[in-house]
Structures are given as C-alpha cells and as structure tokens.
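Asker: So the protein lines, in turn, are chains A and B. Okay, so the first sequence: first residue is 312 according to our numbering, each after it adds one. Okay, so the second sequence: first residue is 312 according to our numbering, each after it adds one.
Honestly, the hints are just simulated from the structure, not real lab data. Be aware that one or more of the hints could be misleading.
Which copy is meant is left open, because identical chains are indistinguishable; a pair holds if it fits in one copy or across any two.
[What the hints assert, rightly or not] With a straight-line cut-off of 20 Å between C-alpha atoms, the simulated EDC-like cross-links for lysine to aspartate or glutamate are:
1) K321 <-> D404
2) K321 <-> E406
3) K429 <-> D486
4) K398 <-> D330
5) K473 <-> E399
6) K321 <-> D338
There are 2 protein chains.
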Amino acid sequence: MNFCNQCGAKVDLRIPPGDLIARHVCDACGTIHYQNPRLVVGCVPEHEGRILLCRRAIEPRRGFWTVPAGFMENGETLQQAAARESKEEALADVEIGSLLTIVHVLHAQQVHVFFRAKLPIPEFAAGTESLEVELFRPGDIPWHDIAFPSTEYTLRRYLEDKAAGQEPHHFAEVDRRISR
Amino acid sequence: MNFCNQCGAKVDLRIPPGDLIARHVCDACGTIHYQNPRLVVGCVPEHEGRILLCRRAIEPRRGFWTVPAGFMENGETLQQAAARESKEEALADVEIGSLLTIVHVLHAQQVHVFFRAKLPIPEFAAGTESLEVELFRPGDIPWHDIAFPSTEYTLRRYLEDKAAGQEPHHFAEVDRRISR
Numbered sequence: 312m313n314f315c316n317q318c319g320a321k322v323d324l325r326i327p328p329g330d331l332i333a334r335h336v337c338d339a340c341g342t343i344h345y346q347n348p349r350l351v352v353g354c355v356p357e358h359e360g361r362i363l364l365c366r367r368a369i370e371p372r373r374g375f376w377t378v379p380a381g382f383m384e385n386g387e388t389l390q391q392a393a394a395r396e397s398k399e400e401a402l403a404d405v406e407i408g409s410l411l412t413i414v415h416v417l418h419a420q421q422v423h424v425f426f427r428a429k430l431p432i433p434e435f436a437a438g439t440e441s442l443e444v445e446l447f448r449p450g451d452i453p454w455h456d457i458a459f460p461s462t463e464y465t466l467r468r469y470l471e472d473k474a475a476g477q478e479p480h481h482f483a484e485v486d487r488r489i490s491r
Numbered sequence: 312m313n314f315c316n317q318c319g320a321k322v323d324l325r326i327p328p329g330d331l332i333a334r335h336v337c338d339a340c341g342t343i344h345y346q347n348p349r350l351v352v353g354c355v356p357e358h359e360g361r362i363l364l365c366r367r368a369i370e371p372r373r374g375f376w377t378v379p380a381g382f383m384e385n386g387e388t389l390q391q392a393a394a395r396e397s398k399e400e401a402l403a404d405v406e407i408g409s410l411l412t413i414v415h416v417l418h419a420q421q422v423h424v425f426f427r428a429k430l431p432i433p434e435f436a437a438g439t440e441s442l443e444v445e446l447f448r449p450g451d452i453p454w455h456d457i458a459f460p461s462t463e464y465t466l467r468r469y470l471e472d473k474a475a476g477q478e479p480h481h482f483a484e485v486d487r488r489i490s491r
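So here's chain A without its partners, still in its complex pose (with noise of 0.2 Å):
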C-alpha cells in the first residue's frame, strides 16, 4: 500500500498512538487502514460417496485439483459463499452441511473454511476458472496433484471423519510458502 484509498495522499507505516502494530496512515485525512485476514470458502460436495474436485484454470496452481472455494464476499454467510463457489467453479448445486475445517494460512494471510456438502444431483460442469471437474472415489483421489495444504488436509479429514461416522470440526494451521 503506498497511497491512500480516501484521499490519494501517500501513506506512512508506523504504529499509530495507541496501536501495538504498524499500519498505513494518511497523514492528509487521518485514515488509518487497518489491514486483515481474508476468508477463503469451500465444501467437499458428495455424491454417493464420490467427491467432486475441481482442475484449477487459474493461478496459483494452474493445473492441480481442489474442492470449490474462493474468497467470500460482503453480503453472505459462509454457507453462501461455500454454496457459490461450487456454482461457480463446478455449476454444482450443493446442500452446505456441517462445519468440517478451518485452516489458518498465516503466510497467505487468510483464514480457510471448509464445510461438508452433499451433491444431490450429479450435474456439474467446468466453470470458467475450472479446467475439468470429476467425481472421484476416494481410492481415486490425486493425492499428488491436489492444489494446496488446506485442500489435503480438509479432504483426508472429510474422509476419516466419514469412516468414523462422524461430525466434527478441526482447526489446523499453514505457514509456509507454497512451491509451484
């Protein structure tokens, strides 16, 4: 960040009075911006015990598996979002089930929500940031070319949880850079 959104004057990074962390400060309007986390949505969409996973069309990891998510936008819970983005990616209707994972990405800056979902019907599509999008049993999962950790992670939870016959919910953490 180099200038301010409100005004245009150039910003200055230092501790304001009272803060403990060095932020973006307009000395011409006395914004402060203040600069945050970002959500990052999904689900692990079911059909008759087949998971649908997504190709990525687009970078980061052109080319490498993932269930639906992307960033969540103003204006929806994360259900929505969740519900969206295997819209978008999948042209899949999903049902959002339970609360599967949260990663926490701390060199990407951004908090990754994962929730069960079931695929009633299974009719998918690529989208437009989606190169092909597949069934997979889970015997047939591409471990190997699966985009990113909060991807693994969250998939090989879905599936023990599923063998345990159960729900719960699991928090993990990322830090570190991903190699392409």
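Since the structure of chain A is provided, determine the placement of chain B on it from the hints.
Answerer: What follows is chain B alone, placed relative to chain A:
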C-alpha cells in the same frame, strides 16, 4: 474507496471482465481492489462460574458491556486473536477452549467468531479500550446493556450449553443497523 492504494490514481467502480460483482478498478495500474468481510474474534472467559465482561471505552457502543473481542490481525490464528483481545481489553490471561459461535454480521461486513475460554486466575483490569472489567454471575449479566447482538447471542448460547453440559458450536446471522 476513491483512489488506488498502489499507484494513487482515481478508481472506477464497475464489474471487471469475468466477474459478477462491481469492484473498484484502477485503469492506471490495472489493480482490482476486492473488499471482503473482516473477522472479529473473541471469547467468553469464565472463572468459577462467573463470566468476564468489559464495559467499552470506545465507540461504537461506548459504555455498553461485551466480552473481549476485536479485529483479527494478520499472522495469528483465531485462538491467538481471541487470547490477545482478552489481554488487551481486560489484561486477562485466558485459555481458549472450543468454538462457541460464528455470527455473520451482514450489515457490517463482518464475521464474528467466539470461543469458550477459562480464566484460571481472577486477575484482570481495564485495558485502554475498556472503562471497567468485571466478573458476572450468570444471573447478574446486564442483558439490557450488552453492546452487540452477537455478544448477547454468544452469551446466551454459552450459558445454555453449559447448563446442558455440552459444547457445540452455533451459527447465526445479524442483518440490521444497531441503534445507539
């Protein structure tokens, strides 16, 4: 948002190609400025059946009571954010427990996340953002002077769950302006 925080040029509000939502777009440097919900994180600290509340020294809702909570910072987990806010607002060292509530505060473009917490040692005092900090027996909680709907929702679920001997998590939505 009026200006690009990267290059300082005026931004234009429009739907970028391939998008579905209007964004602030900079035609000078090409940056698209996404705006996403912010996370507010807090906890319900308990010491021997009593709950720690803070009376707010800052707007919004100055003079009203709340549990320790505030905006999540980059580089921390939700649990670390909740503990930090207790330290800052109540000078209290808490042990963060299970996930209690997630409240979508749609009008404020915020997601509020609260955890159960223990206050092992009843040492606390007002931080700079609090007028006073106090331990309340459940029957003495000042329900008419609680700062925010998400706070009241969270406290009520906490007490109900405790009475039932369970620790589930709860989702809720708030979609209105708060009268002052």
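Asker: Each hint should be assessed against the structure and marked as holding or not.
Answerer: Now for the hints, and whether the structure bears them out:
1. In this assembly of identical chains, the alpha carbons of K321 and D404 never lie at most 20 Å apart, being 46 Å within a copy and 39 Å across copies at closest.
2. Taking the shortest alpha-carbon separations for K321 and E406, neither the intra-copy value of 47 Å nor the inter-copy value of 41 Å comes in at or below 20 Å.
3. Taking the closest pair of Cα atoms, K429 and D486 never come within 20 Å of each other, the shortest separation being 30 Å inside a single copy and 27 Å across copies.
4. In this assembly of identical chains, K398 and D330 lie within 20 Å of each other by CA distance solely across copies; the values are 14 Å between and 41 Å within a copy.
5. Proximity of K473 to E399 under the C-alpha cut-off of 20 Å is found in neither arrangement, the shortest distances being 26 Å within a copy and 40 Å between copies.
6. Taking the shortest Cα distances, K321 and D338 sit within 20 Å of each other both inside one copy (8 Å) and across copies (19 Å).
Comparing the model with each numbered hint stated earlier shows that hints 1, 2, 3 and 5 do not hold.
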